[in-house]
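Engineer: Residue strings, one per chain:
There are 2 protein chains.
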Amino acid sequence: MTYELWYWSGIPGRGEFVRLALEDAGIAYRDIALEEGGDEKMMAQLKAEKHTPPFAPPFLKAGKLTIAQTANILLFLGEKHGLAPKSDAGRYWVHQLQLTIADLVAEIHDAHHPIAGSLYYKDQKHEAARRTKHLREERLPKYLGYFDAILARNGGWLAGKRLTYADLSLFHVMEGLRYAFPNAMRKLEKTHRELGALHDRVAKRPRIAAYLKSDRRQPFNEDGLFRHYPELDA
Amino acid sequence: MTYELWYWSGIPGRGEFVRLALEDAGIAYRDIALEEGGDEKMMAQLKAEKHTPPFAPPFLKAGKLTIAQTANILLFLGEKHGLAPKSDAGRYWVHQLQLTIADLVAEIHDAHHPIAGSLYYKDQKHEAARRTKHLREERLPKYLGYFDAILARNGGWLAGKRLTYADLSLFHVMEGLRYAFPNAMRKLEKTHRELGALHDRVAKRPRIAAYLKSDRRQPFNEDGLFRHYPELDA
Numbered sequence: 002m003t004y005e006l007w008y009w010s011g012i013p014g015r016g017e018f019v020r021l022a023l024e025d026a027g028i029a030y031r032d033i034a035l036e037e038g039g040d041e042k043m044m045a046q047l048k049a050e051k052h053t054p055p056f057a058p059p060f061l062k063a064g065k066l067t068i069a070q071t072a073n074i075l076l077f078l079g080e081k082h083g084l085a086p087k088s089d090a091g092r093y094w095v096h097q098l099q100l101t102i103a104d105l106v107a108e109i110h111d112a113h114h115p116i117a118g119s120l121y122y123k124d125q126k127h128e129a130a131r132r133t134k135h136l137r138e139e140r141l142p143k144y145l146g147y148f149d150a151i152l153a154r155n156g157g158w159l160a161g162k163r164l165t166y167a168d169l170s171l172f173h174v175m176e177g178l179r180y181a182f183p184n185a186m187r188k189l190e191k192t193h194r195e196l197g198a199l200h201d202r203v204a205k206r207p208r209i210a211a212y213l214k215s216d217r218r219q220p221f222n223e224d225g226l227f228r229h230y231p232e233l234d235a
Numbered sequence: 002m003t004y005e006l007w008y009w010s011g012i013p014g015r016g017e018f019v020r021l022a023l024e025d026a027g028i029a030y031r032d033i034a035l036e037e038g039g040d041e042k043m044m045a046q047l048k049a050e051k052h053t054p055p056f057a058p059p060f061l062k063a064g065k066l067t068i069a070q071t072a073n074i075l076l077f078l079g080e081k082h083g084l085a086p087k088s089d090a091g092r093y094w095v096h097q098l099q100l101t102i103a104d105l106v107a108e109i110h111d112a113h114h115p116i117a118g119s120l121y122y123k124d125q126k127h128e129a130a131r132r133t134k135h136l137r138e139e140r141l142p143k144y145l146g147y148f149d150a151i152l153a154r155n156g157g158w159l160a161g162k163r164l165t166y167a168d169l170s171l172f173h174v175m176e177g178l179r180y181a182f183p184n185a186m187r188k189l190e191k192t193h194r195e196l197g198a199l200h201d202r203v204a205k206r207p208r209i210a211a212y213l214k215s216d217r218r219q220p221f222n223e224d225g226l227f228r229h230y231p232e233l234d235a
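Chains as they are written, first to last, in our numbering: chain U, 2 to 235; chain R, 2 to 235.
Derived by calculation from the structure, the hints in this document are not laboratory data. You may find that some hints are simply not true.
Because identical chains cannot be distinguished in the list, a pair is counted as satisfied if it fits within a single copy or across any two copies.
[Said to hold, decoys possible] List of simulated lysine to aspartate or glutamate pairs, DMTMM-like, C-alpha gap at most 20 Å:
| no. | residue 1 | residue 2 |
| --- | --- | --- |
| 1 | K62 | D89 |
| 2 | K134 | D124 |
| 3 | K51 | D89 |
| 4 | K214 | D32 |
| 5 | K143 | E50 |
| 6 | K81 | E5 |
| 7 | K191 | E139 |
| 8 | K51 | E195 |
| 9 | K81 | E190 |
| 10 | K214 | E138 |
Predicted model, so just to flag it, every value in this text is computed and none were measured.
Just chain U, same shape as in the assembly (with noise of 0.2 Å):
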């Protein structure tokens, strides 16, 4: 059975954090954005879902079952290729990190649309340069020490000794997080040095290494949910 992952094209997107825990398990996948007409094909695919039907993309079909929601997703692989542990107490709490990253992942990308995802950026300028300044100065650092004081007492993983899917998202949100505000993450990342270490971790991983350097990683850009615009960086 090989699994597909349905997604938007053109951006990593949500998509990206179920990529990454395909790849770091090596798990094989057809990656249908990565197709001619992908979005075409998405689109349908998502009318014809009538048994668990999702409300968005991104979905992964794994032999009769289709899961949605990102973070429903990981739990998924999480528990099916050994990217989470076996214990209820390792399982909730690496579900659990993982929500914290999705509600996270939410205010960045509703940090340029505070308004409404249906409009243009351009048109919610003003109101996307007030909420980012709360982002910058309250949200990131409330977060991102959340996250470095776990990684500073469990040593390594967010959850002890081994990387579970959770690592693989905070791993992600630190690039796509450089990549959008290189200003703030510099003074950030001053106070909040276990992220980094992190960072590096994840991304010298063999499996994780060569996907980075694929045609299979893309780009950030300014369609998706970390996007640069110098005026909302620090």
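Got chain U; can you put chain R on it based on the hints?
Structural biologist: Using the frame of chain U, we list chain R on its own:
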């Protein structure tokens, strides 16, 4: 073992989704928010949690486990107390629904706080009016249409024959939306009748009916997730 729910006092908030699951399953629990000095106790406990620290309340203490993130707490309660199917297909489906409800709830919150949670509503009223218009006209029809169609297809409960934690959460979203946006909801419910039917089915369950009449059920107000500001209603 008596479970403990740790959350802010004075609002239903995100703690309410957990309360409804605990109440429907007939689980004995201590609700710290209803105790004298609940907020101070909660903040002290939040600081004291070093092993699996919550980023924010609510969190549930169940024996040795401390579990945070509303959807994650419900995943736990669903698995341990019969509020979700046992099959993989059913488990991931119900969690997918819950995470979609969580996204909706975050959008409802951000409609009255589009700039920052740390600012008062009065300091972001103009932006709130813009964002809430999109919520009422685009997002609520999309989300409510999605859940309504699933209920129509599955006949009764979101996941088929038996109630799950996602049904309890959707009940509370309907209560909250009717409180916050009575005008908008009167119109929306005319074309989404399954949602009102689900609401009534949940409200009639004996344990839920008893809970709703009790002092343990807290009213909505303008400090919570669901706020009634007449200027934001249609």
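Engineer: What hint numbers does the structure not satisfy?
Structural biologist: Of the numbered hints, 9, 10 do not hold.
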